[in-house]
Amino acid sequence: AQKITQTQPGMFVQEKEAVTLDCTYDTSDPSYGLFWYKQPSSGEMIFLIYQGSYDQQNATEGRYSLNFQKARKSANLVISASQLGDSAMYFCAMREEGSTLGRLYFGRGTQLTVWP
Amino acid sequence: DVKVTQSSRYLVKRTGEKVFLECVQDMDHENMFWYRQDPGLGLRLIYFSYDVKMKEKGDIPEGYSVSREKKERFSLILESASTNQTSMYLCASSPPTVYNSPLHFGNGTRLTVT
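Residue numbers (our numbering), protein chains in the order written: chain A, 18 to 133; chain B, 10 to 123.
Please note that a few of the clues may not be correct.
[Said to hold, decoys possible] In silico DMTMM-like links for lysine to aspartate or glutamate, alpha-carbon gap of 20 Å or less:
1. A:LYS20 / B:ASP47
2. B:LYS66 / A:GLU113
3. B:LYS62 / B:ASP35
4. B:LYS22 / B:GLU88
5. A:LYS87 / A:GLU114
6. A:LYS20 / A:GLU113
7. B:LYS62 / B:GLU88
8. A:LYS90 / A:GLU113
9. B:LYS12 / A:GLU61
10. A:LYS20 / B:ASP68
11. B:LYS62 / B:ASP37
12. B:LYS66 / A:GLU114
13. A:LYS20 / A:ASP46
14. B:LYS80 / B:GLU31
15. B:LYS27 / B:GLU78
Since the hints were made in silico from the structure, they are not lab data.
Same shape as in the complex, but just chain A:
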């Protein structure tokens, strides 16, 4: 079974609008961490934001915030005030505390296109 599910292969948003990229996860480990990465067309993987399973508040980093709903096992990325440079592939990932050597499980990604 997939540990990370990203159901949106592609998303489109107009510049300056907000967009939500969906991510659901599957784990029985009570302790885990959730990560989002951005991959522009250049191919580099850029770490955006982290949320721990015991964190009481949703994580925020600049224009990025993570809408963490633990009971629903979802960790959606919200990008506010989209910019053309936000066009990229976005990956959700999870680390389980009990996992071997801190490996990350990745979803299949969402391709975000920001149009003017």
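Since the structure of chain A is already known, use the hints to place chain B on it.
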């Protein structure tokens, strides 16, 4: 800043060749990883290593092997390249399981096997 360097950005090899993909990190990280990225499949873990000469299989190790002779270097080896190994290969490193520490990635090697 952590730097993870993959030796080749693009590589073209022939079927049956032995292929070496090299990765070097400069942050003295214990853990290193090789992922493969294919459209619609996301990133899949091939192998990882937590110390020199130590390795663990990931989810898709078939057709690959790895070598870690020095802490900073982690090599992925395709023993006999096949066309279905045409893909983007990403190397990553991290400190020993610091819970909230992200993986630091190299820029990737796009391998084409003809």
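Hints, verified against the model:
no.: 1; hint: A:LYS20 / B:ASP47; result: 17 Å, holds
no.: 2; hint: B:LYS66 / A:GLU113; result: 17 Å, holds
no.: 3; hint: B:LYS62 / B:ASP35; result: 18 Å, holds
no.: 4; hint: B:LYS22 / B:GLU88; result: 12 Å, holds
no.: 5; hint: A:LYS87 / A:GLU114; result: 16 Å, holds
no.: 6; hint: A:LYS20 / A:GLU113; result: 10 Å, holds
no.: 7; hint: B:LYS62 / B:GLU88; result: 18 Å, holds
no.: 8; hint: A:LYS90 / A:GLU113; result: 13 Å, holds
no.: 9; hint: B:LYS12 / A:GLU61; result: 12 Å, holds
no.: 10; hint: A:LYS20 / B:ASP68; result: 13 Å, holds
no.: 11; hint: B:LYS62 / B:ASP37; result: 15 Å, holds
no.: 12; hint: B:LYS66 / A:GLU114; result: 18 Å, holds
no.: 13; hint: A:LYS20 / A:ASP46; result: 12 Å, holds
no.: 14; hint: B:LYS80 / B:GLU31; result: 13 Å, holds
no.: 15; hint: B:LYS27 / B:GLU78; result: 19 Å, holds
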